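> So the protein sequences, as listed, match chains E and B. Start counting the first sequence at 0; every next residue gets the next number (numbering that gives the first Met the number 0). Start counting the second sequence at 0; every next residue gets the next number (numbering that gives the first Met the number 0).
Hints were generated in silico from the structure; no laboratory data involved. Bear in mind that the values here come from a model prediction, so they are computed numbers and not experimental data. Keep in mind that the hints are not guaranteed to be accurate.
Stated by the list, open to error - Keeping only pairs whose Cα atoms sit at most 27 Å apart, straight-line, the calculated BS3-like set for lysine-lysine is:
| # | chain 1 | residue 1 | chain 2 | residue 2 |
| --- | --- | --- | --- | --- |
| 1 | E | K16 | B | K16 |
| 2 | E | K120 | B | K74 |
| 3 | E | K40 | B | K120 |
| 4 | B | K16 | E | K18 |
| 5 | B | K74 | B | K120 |
| 6 | E | K18 | E | K109 |
| 7 | E | K74 | B | K56 |
| 8 | B | K56 | B | K18 |
| 9 | E | K40 | B | K18 |
| 10 | B | K109 | B | K97 |
| 11 | B | K97 | B | K56 |
| 12 | E | K109 | E | K16 |
| 13 | E | K97 | B | K16 |
| 14 | E | K109 | B | K18 |
| 15 | E | K74 | B | K120 |
2 protein chains.
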Amino acid sequence: MGGSTAFANKYIIMEYKIKSRIWIEADGHILLGEGRISLLKAIEETGSLTKAAKSLKMSYKKAWSLIDAVNSRAKEAVIQTSIGGKRGGGTALTPYGKSLVETFDTINEKCWEFLDEQISKSNL
Amino acid sequence: MGGSTAFANKYIIMEYKIKSRIWIEADGHILLGEGRISLLKAIEETGSLTKAAKSLKMSYKKAWSLIDAVNSRAKEAVIQTSIGGKRGGGTALTPYGKSLVETFDTINEKCWEFLDEQISKSNL
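Based on the sequences and whatever the hints tell you, model everything.
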């Protein structure tokens, strides 16, 4: 068994892999990239900007400025905050914010598939 | 005329643009990205690694190490050097090197088109 594995390894053909990074711009400025998407997801999971920032080992100030940039450049509000109430208020994504995250993730995955197809069709 | 332009501007709808950066990896290391592609193109244009490095305001040492990384990780040699002869020798891309550059550029452009389609189909 060990011998057979070693034998197989000798004949592994190196393959190229193609990688990508995407981001969305609005008015020539970054609206959303992987970092901001991670932050939005963390806000959705934790219900709090403070907790989201902590979970990503990011300062609150940095997280706030990223969210402010997203909110000010997006076509609609991405984040909503509520104050008080039984659960003590918090921060959440708006429906538009959720659709931004979902669309980004979907396009990102489709892009990876597209690129995998392209590289496997090439003669490299 | 001026008034009509101003009127039109008020109704411009902000559009999101999607951007991407791609790179190719071999054995878990970067083989080719935009920087290395620029260097390969400059070598092809100038016929010299020294001139190519200068044209990109890069040190010769840096250019050499990038090319060495590409040559050592690619499936076939990417760069060839010749010494002497009427034109005094020089550096050029191998046919395989040329096909790497062409394929990278083609996939990159197709990726941009693909992403443009994806973002315009989305409801963002």
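> Assess, step by step, whether the Cα of K16/E is no farther than 27 Å from the Cα of K16/B, and give holds or violated.
Holds. K16/E to K16/B sits at ~26 Å (cutoff 27 Å).
> Does K97/B lie within 27 Å of K109/B when you go C-alpha to C-alpha?
18 Å, holds
> For the pair supplied as a hint, K40/E and K120/B, is the alpha-carbon distance within the 27 Å limit?
23 Å, holds
> Would you check the hint for K18/E and K109/E, treating anything up to 27 Å between C-alpha atoms as holding?
12 Å, holds
> Holds or violated: are the alpha carbons of K97/E and K16/B at most 27 Å from each other?
Roughly 19 Å separates the two Cα atoms, so the pair holds.
> Do the alpha carbons of K120/E and K74/B lie within 27 Å of each other, as the hint requires?
16 Å, holds
> Holds or violated: K74/E with K56/B, Cα cutoff 27 Å?
40 Å, violated
> Quickly compare the C-alpha distance for K97/B and K56/B to 27 Å and report which way the hint goes.
Judged against 27 Å, a Cα distance of about 23 Å means the pair holds.
> Between the alpha carbons of K74/B and K120/B, is the straight-line distance 27 Å or under?
Since the Cα atoms of K74/B and K120/B sit roughly 38 Å apart, the hinted pair is violated (cutoff 27 Å).
> Given the hinted pair K74/E and K120/B, is their Cα-Cα distance within 27 Å?
With Cα atoms ~16 Å apart, K74/E and K120/B stay inside 27 Å; holds.
> Can the restraint linking K56/B and K18/B be considered satisfied, given a maximum Cα separation of 27 Å?
Holds, because 26 Å separates the two Cα atoms, which is no more than 27 Å.
> Are the Cα positions of K109/E and K16/E separated by 27 Å at most?
Holds. K109/E to K16/E sits at ~16 Å (cutoff 27 Å).
The structure shown violates the earlier hints numbered 5 and 7.
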